[in-house]
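The residues making up each chain are set out below.
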Amino acid sequence: MNKIMYLEFERCIGCRACQAACRECGDHDAKERNYVEYVDFTESRQTYPMLCMQCKDPACARVCPANAIQITDEGVVLSAMEEKCIGCRNCTFGCPFGIPKFDFEENKMYKCDMCYDRSKHDIAPMCASVCPSDAIRFIDFDEMQQLRRRRSQMNLVEGKKPQEGNKWEYVPEFFGVYTD
Amino acid sequence: MSDFIAKEGIQNLHKPGEKLITTHCCYCGMQCGMHIRVNKSSGKVVGVEPRYDWPVTNGKMCPKGVTAYQTIDHQDRITKPLIKKNGEFVESSWKEALDLIEKNFKRLQEESGKDALSVFGGVSMTNEKCYLVGKYARVGLGTRYLDYNGRFCMSSAAGGFIQTFGVDRGSTLPWTELEHSDCFFLAGSNTAECHPTSIQWFWKAKDKGAKLIVADPRETPTARVADVHLDLKPGTDSALANGMLHLIIKEGYVDKEYVSKRCNNFEELKQNVDKFTPEYTSEITGVAVEKLIKAAHIYGMSPRSVVMFARGVEQQSKGVDNVRLYSSMALLRGQVGKFASGVATFTGQGNGQGGREHGQKSDLLPGYRKLTDPAAVEYISSIWGIDPSEMPKPGVSAYEMFGEIEKGNIRGMHVICSNPAVSAPNLEHIWNGFKKLDFLVVSDFFLSETASFADVVLPATTWAEDEGTTTNIEGRVIRIRKVTDPIGESKPDWEILSLIAERMGKGKHFLYNEAGEIFDEFRLATKGGKADYYGITWDRIDRENGVFWPCPAEDHPGTPTMFEESFYTEDGKANLGVVGWKEAGEVPTKDYPLFLTTGRVVFHYLSGNQTRRVDFLMEQCPEPFAEMHPALASRYQLEDGDMVKLKTPRSHMTVKTKITKAIRKDTVFVPYHWGKELAVNQLTSDCLDPISRMPEFKVCALQMEKLPAKKEGITRE
Amino acid sequence: MKSLERSFYSKSSKYSFIVVLLLFFSIWIGTENFLHFDMALMGYLISSLIFAIGLTIRMSSWLLRPATRQVIQRSLKNLRQRKYKRRNMKAILKTAFENIFLQKFIFKRGIYRGVQHFLIAWGCIGSFAITFGLTFGWMHFELVDPETYTIVVMGVETISMAAHGLFAEMVYNGLNITASMVLIGVCMALTRRIINEDVKVTQRAEFDLFPLFLLLAVTVTGLLLTVSYVLLDGWMHHYMTLVHQVTVVVLLIYFPFGKLFHLPIRPLTTAVPMNYQEEWKVDTRPCLRCGTVYSSDPQVSDVKEILSVQQFDLQLEDGSYLSDYCPACRRRIRVMKQLNNQPHLQQGHNPILTRNGSEMSGFGSRRTDDYYNFPDHVQKELEQHKEEGGNER
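Chains as they are written, first to last, in our numbering: chain A, 18 to 197; chain B, 82 to 798; chain C, 20 to 412.
Where hints are given, some of them may not hold.
[Unchecked claim] Here are the computed lysine to any residue pairs in the SDA-like style, where the Cα-Cα straight-line distance is at most 25 Å:
1) B:331 with C:347
2) B:739 with C:106
3) A:101 with C:328
4) A:101 with C:394
5) A:73 with C:140
6) B:285 with A:101
7) B:125 with A:156
8) A:101 with C:216
9) C:109 with A:156
10) C:127 with A:73
11) C:127 with A:100
12) B:187 with B:473
13) B:517 with B:177
[To be verified] Just the calculated beta-carbon pair ranges, DEER-fashion:
14) C:309 with B:787: 34 to 40 Å
15) C:389 with B:647: 20 to 26 Å
16) B:598 with A:92: 51 to 57 Å
17) B:261 with C:277: 40 to 46 Å
18) B:674 with C:407: 24 to 30 Å
19) C:392 with B:136: 29 to 35 Å
20) A:92 with B:96: 36 to 42 Å
21) B:700 with A:92: 37 to 43 Å
22) C:129 with B:672: 55 to 61 Å
23) C:311 with B:787: 43 to 49 Å
24) B:156 with C:309: 35 to 41 Å
[What the hints assert, rightly or not] From the structure, some residues in chain C lie toward chain B, with a derived Cβ separation under 8 Å:
25) 216
26) 391
27) 401
28) 404
Everything labelled a hint here was simulated from the structure, so no lab data went into it. Here a beta-carbon is modelled for each residue, glycine too, at the ideal position from N, C-alpha and C.
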């Protein structure tokens, strides 16, 4: 997989097509795994989409007592393996981005897997495919670099380069599976 | 030919055991391209796959589009004809239903003449079906009373365009050019919610530095990122447009050469807008002077600009005037007929463009021919194989048909692909009309609010069970494919209409075996008309990513950009709009001190008959709400989620409040997708535009009252 | 104790050594000084020992993971506390019954899946119990008189039964019954994987299918043994025994390293009601920002501890940790941070510049007026109007 997911929050129009589309993905069991939320509806209609950052060293996997969260060869962080997950929800509290969802009834955690059946063939995940505003994109690494440069002002917060360990603090809008 | 169309190098996910069928969405005018996933062995529709290579939408879809396939094999589908017996619907056979229709239709026409019957059409269906509705009413039933739900949707734009440009094509430019434009002036359009997949073009342009000016009483998701948001009072568009024209002329932004060569009435216009100084305009519209000035300069300084509008300006008693004035803004700047610039309206319904060209309107024949033009009547009569004298005269508009029912002139009605029991204004009047009818037939695939009034409900198919074409927001004719066989005993509308026509003794005019034959007949019927489809074939559509009308010959490339050389008026020049200021049909008073305006939310489509049956969409937006500014809410001591009673001179309803600063302080917004006691259209005004006969959905005077909190909330049927 | 520790390469080798030692001791007791040891089971014995070693190594490396250790430590601490006795008992019993015995949560994922898993799980556990019991010689049958058998467990006579009674038949056929359960379950699982495309999306086929085929091989060959013995007069019985033994050996050696390893770690589920969630689905800890309850104090402190041990620095400027916020607030913090839209960041409200110098507006940051290059008189006019009266809502 050579492409990455790229988010530009302010493009979001709050239509939630990404969530409807997420339900359509293989193995998603008609439950969406991404988020679209209002910043503050009383103030403005601004919404933002949020999905898994597919960390290289995912905190969710690190806090899992059952070692149930696996990472694929391509670097996609998968939902907890159903047979191993003990249902403690540590992952939902450990994740710095608040991504994993938990189903109490079925006792399983589920999270964005970048529509693994699509993205492993370099086909855009459903959310990025349908997003009418391009708030979610599935693009080449180079294209992402260009887009980032364009928005340089935002990304060089305090002039530091983000590290893997603290990227939640600095990381610009790109994430996903990439190599640098 | 394969049913799956994809350009080379485009990757789609083909799951084992499934095939993809290329088609378009069933909902709004964007007509987003999509592939429907069908299980090869069972033939059942199982999902959707983006059509990345459709040039207008690039695979993008809104939540309605993503879930559209779920309505095809839905548990609520009507699979057999229903006949009302003792107030209850009973499933019956087609023969039984047709017998009953034949008996009653003939009886009513014998008793009260041909015009005792009426047909209420719709444009959320293919061109073939829309065309046949007109022929069915005029040839099959022989009635003059024919109109369609486009009267609640597009007719003001049509009226304004015809007066200004001489022809009504929703967009003068293809939307793929939008990204190269420098400035957009969007009036009364919440395109981010109502046509979500169009937003990519605006955002792309914005990435390149384009500016966005939005006129809307609400700070919609579209207005949120606007450079200037002109937060005008509902119903003051003509003043705003005149104000903009005033500034454009005063600041010297007029393209004098273009105007003198291609437009009429410039001097009259100049004189007319003279008094619309920013101060005067601000006084009427409630928009700050600074914003007006800023907007006019941004618009005036942009080398390429597009003026766009939608129901916000059209669904008013001055809808046609508004369209003329806003179009004049583009004409003064010399923008119409050029690259990446022009005028466009956002077509609301899937085939709102195509459907209004093919003679479903009370006074129009296929190809935008006029029913009052003897030559047109003669030509169409020859295509239809009738004597010109048999052609009925023009009838009345959609809303006025219910007046005719009241008067007893219309006694029977056939509603096709429409749900006026939710979508028409002043609903109590409509409901009374339906109750008064002697005989009502409704063709639909879900039991809509209108269908529940019917004596006979005929099971129609969804868009995915028939072949055909539609014409999208740009005027591009595109292909809809059959994805699955009709569910149960349902039949496509053209087959239903042919069956009834046959029972009425007109079978020889309706000898169709498939939709393609209707398309061929209708190509011929439009030949030489303004909306000329003669050169368009189904093959060409596949090959060329759709074909833009007018396309008079098979070797004609189609017309993506309109008016490059001249306009369709008699003298070939565009008529600038010269219109003074006039109040809306209903303005706030002491008793009714607020504005009520209605509109859509992104999760529902029109009367909601389809989208209210999709789980995802209902989870996101289960019921209507009254959106208001916190300042207004606190005056009535309302908190978010409180129940509020809304009252207009016609009726009242109770909804939950939703509080946001993104709306004017004197305006309450309620979405209209619900029926019965949740229908805001019970409250809306029936004041009609004098030319387009479009009701004024967007402006009502409103009274508001806080209700004690109910624990259980609203109960729904 | 320290010196014992130092005699081994690692903790897991130490534990493996102890486990093997204990097993030999139990064999010694069970077979009454190797008197009843069945040499025919030698192959099984060796593979069982490897199984035990593998399991020990996997378990100890699993327990050494910071996350697992943290949870186990808290569980042990809670178990030692007298005041939690009731709660602990309740947690253990409830989990053991609902989660481990009934496997309710799998039935909620679908009846089919529930039945399938129940059959495989209890079929396997039963089979293992009988197999280990026999191979390690922990139990054997002794003839008391021509009509009565007695089961000897660890050298102690326990139940006596009529040689041809129903109970006896069930005991002799124990393996056949459990094997049939596994066979049905495995077939259901394989069918599901053939029919349902979605299952294949994220699962690695090999990881998922190999154990199923292995179980299939073991149960089929095992059941064929019985068929051969009962119906075919022992035809090919010898070869079948060999083949069956090979499949079982492979299964036993594979067990600790593949998907089936989830069985021995399942009891950890008890930790959830015992440590974190006294009442199912009831949270107690409020989010620092919005006040919504989203977790419990012990769990958040455990998560913080686990993260800090692994050098995850998720502390904010104000000293709070990200785990102190509910997931929704964490998402918001992340978005706001990225947009420089946090109140304490001064530069937050500037428009974003694009590559070609145009300003992108959004999130309340308006384009600055100079972007539009208005003529001077217009700019002045605008400024004048701005001064005259605010038009912002």
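Can you name, in rising order, the numbers of the hints this structure does not satisfy?
Hints 1, 2, 4, 5, 6, 7, 9, 10, 14, 15, 17, 20, 21 and 23 contradicted; others consistent.
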